[in-house]
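Chemist: Here is what each chain is made of, one letter per residue.
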Amino acid sequence: MNERYSRQQLFAPIGVEGQKKIRGKHVVLVGAGALGTGNAEALVRAGIGKLTIIDRDYVEWSNLQRQQLYSEADAKERLPKAIAAKRRLEQINSEVEIEAIVGDAGPEELETIALKQRPDLWIDATDNFDTRLVINDVAYKYNIPWIYGACVGSYGLSCAFIPNRTPCLYCLLETVPQGGLTCDTAGIISPAVQMVVSYQMAEVLKILVEDWSALRGKLVSFDLWTNEYAAIRIDGVKKDSCPTCGRYPSYPFLSYEQRTKTAVLCGRDSVQIRPPALRQYDLNELAELFRRQGLQAEANPYLVSVSLGDKRLVVFRDGRALVHGTKDVQEAKAIYYRYLG
Amino acid sequence: MTLVINGEAVAVPDEVKTVGDLLAHFRLENKLCIVEVNVRIIQKHEYETKALCDGDRVEIVHFVGGG
Chain A
1 MNERYSRQQL
11 FAPIGVEGQK
21 KIRGKHVVLV
31 GAGALGTGNA
41 EALVRAGIGK
51 LTIIDRDYVE
61 WSNLQRQQLY
71 SEADAKERLP
81 KAIAAKRRLE
91 QINSEVEIEA
101 IVGDAGPEEL
111 ETIALKQRPD
121 LWIDATDNFD
131 TRLVINDVAY
141 KYNIPWIYGA
151 CVGSYGLSCA
161 FIPNRTPCLY
171 CLLETVPQGG
181 LTCDTAGIIS
191 PAVQMVVSYQ
201 MAEVLKILVE
211 DWSALRGKLV
221 SFDLWTNEYA
231 AIRIDGVKKD
241 SCPTCGRYPS
251 YPFLSYEQRT
261 KTAVLCGRDS
271 VQIRPPALRQ
281 YDLNELAELF
291 RRQGLQAEAN
301 PYLVSVSLGD
311 KRLVVFRDGR
321 ALVHGTKDVQ
331 EAKAIYYRYL
341 G
Chain B
1 MTLVINGEAV
11 AVPDEVKTVG
21 DLLAHFRLEN
31 KLCIVEVNVR
41 IIQKHEYETK
51 ALCDGDRVEI
61 VHFVGGG
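From first to last, the protein sequence lines stand for chains A and B. Under full-length UniProt numbering, the letters of the first sequence match residues 1 to 341, in that order. Under full-length UniProt numbering, the letters of the second sequence match residues 1 to 67, in that order.
Any given hint could turn out to be false.
These stretches of chain A come out as covered by chain B in the derived footprint (C-beta under 8 angstroms, 3 or more residues) [said to hold, decoys possible]:
1. 33–44
2. 115–127
3. 141–151
4. 161–175
5. 231–241
Pulled from the structure, derived: some chain A residues nowhere near chain B, Cβ distances all over 10 angstroms [unchecked claim]:
6. ASN2
7. GLN8
8. GLY15
9. GLY49
10. LEU64
11. GLN91
12. GLU97
13. ARG216
14. SER250
15. PRO252
16. THR262
17. GLN280
18. GLU298
19. GLY309
20. ARG317
21. TYR339
The set of hints was computed from the structure by calculation and includes no laboratory data. For every residue, glycine included, the Cβ atom is placed at its ideal position computed from N, Cα and C.
This is chain A alone, in the form it adopts within the complex (with noise of 0.2 angstroms):
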């Protein structure tokens, strides 16, 4: 057993008291797709304190070829993500803490966490930008570090903010990307996948083991199919005006009016409503409703799933639902007032 570590260990940059630190930190992952459970795996298997994993999301086929925690059986059960991803982690690694968390991180979720629990880092493992600078807010107004991975194709890109240290991640937008950024359809390849996981963990080994002037300090970008590769020192672009990390803070993607109340899910064909306050729905008897109606439901503790012709209505437990077969946010909220009022 006390081999585990063992060739962590041996890696001198780490040693035996970076080993100890690792294992006192807990890490909040936000979203468990492929980079969520490329980070996962990883973060668990080298005995990390505890691990928070927030996911909105269930398990599908179309997952199995890349996101790496999941099995049939999950896309089978239409396991939520972070219930499945628990379950395979706990098999993996029993000394680390998992605490799943199925629903989605808007502002009020990640306030609470980084007030609560104080983490010690963020890993955005997330498919959009909406979530991101959510995230950014949160890490630089309770100054907890966070690493951006993103990837789509053959591409990808990291980098990782740190409050005090680095300029944020608004800095180097200057804009809010509109949808068409978020929304990618050109699929993805697994090697994509574990290099952004890469480039995101040896960032957060660093940051677990304290040893700071290790840091990167670039937005760094690869394509693995073109053979090419850039990086970018991105200490320069700080601004004193930032919302965000300037002089006079507002933290506007926290504000109430930025709370997404629908989100059109990455080349998914689908919308998430998230109702202004959350339910608690007994999904029993709400897959029993709507069989009364001659609707096709199944349920399983999570979720229940209705067929409706071309489209498909999930719900959860919360009151929170997908709607799958359309992209129209209008169209989705239409379907999900008309089943859940």
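Got chain A sorted already, so can you dock chain B onto it with the hints?
Modeler: Just chain B, lined up with the frame of chain A:
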């Protein structure tokens, strides 16, 4: 003119004179990019005025959302 773009020497046509032209040439003008020329990040409002010279070292990173 020849530029060193992301570490590779690349010949670009004569009509590419600014950072804005270069992004348009690579059809990146509508993507969210960070551009560095000779180890200095170019702000977005400078794209149309920042002139490029033969041998400039340009790094271009574009943001994507997937994950």
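Chemist: None of the hints should be skipped; say for each whether it holds.
Modeler: Outcome of the hint check:
{"no.": "1", "hint": "33–44", "result": "holds (count 4)"}
{"no.": "2", "hint": "115–127", "result": "holds (count 4)"}
{"no.": "3", "hint": "141–151", "result": "holds (count 3)"}
{"no.": "4", "hint": "161–175", "result": "holds (count 4)"}
{"no.": "5", "hint": "231–241", "result": "holds (count 6)"}
{"no.": "6", "hint": "ASN2", "result": "holds (35 angstroms)"}
{"no.": "7", "hint": "GLN8", "result": "holds (26 angstroms)"}
{"no.": "8", "hint": "GLY15", "result": "holds (32 angstroms)"}
{"no.": "9", "hint": "GLY49", "result": "holds (24 angstroms)"}
{"no.": "10", "hint": "LEU64", "result": "holds (17 angstroms)"}
{"no.": "11", "hint": "GLN91", "result": "holds (24 angstroms)"}
{"no.": "12", "hint": "GLU97", "result": "holds (24 angstroms)"}
{"no.": "13", "hint": "ARG216", "result": "holds (13 angstroms)"}
{"no.": "14", "hint": "SER250", "result": "holds (21 angstroms)"}
{"no.": "15", "hint": "PRO252", "result": "holds (18 angstroms)"}
{"no.": "16", "hint": "THR262", "result": "holds (17 angstroms)"}
{"no.": "17", "hint": "GLN280", "result": "holds (30 angstroms)"}
{"no.": "18", "hint": "GLU298", "result": "holds (28 angstroms)"}
{"no.": "19", "hint": "GLY309", "result": "holds (29 angstroms)"}
{"no.": "20", "hint": "ARG317", "result": "holds (25 angstroms)"}
{"no.": "21", "hint": "TYR339", "result": "holds (30 angstroms)"}
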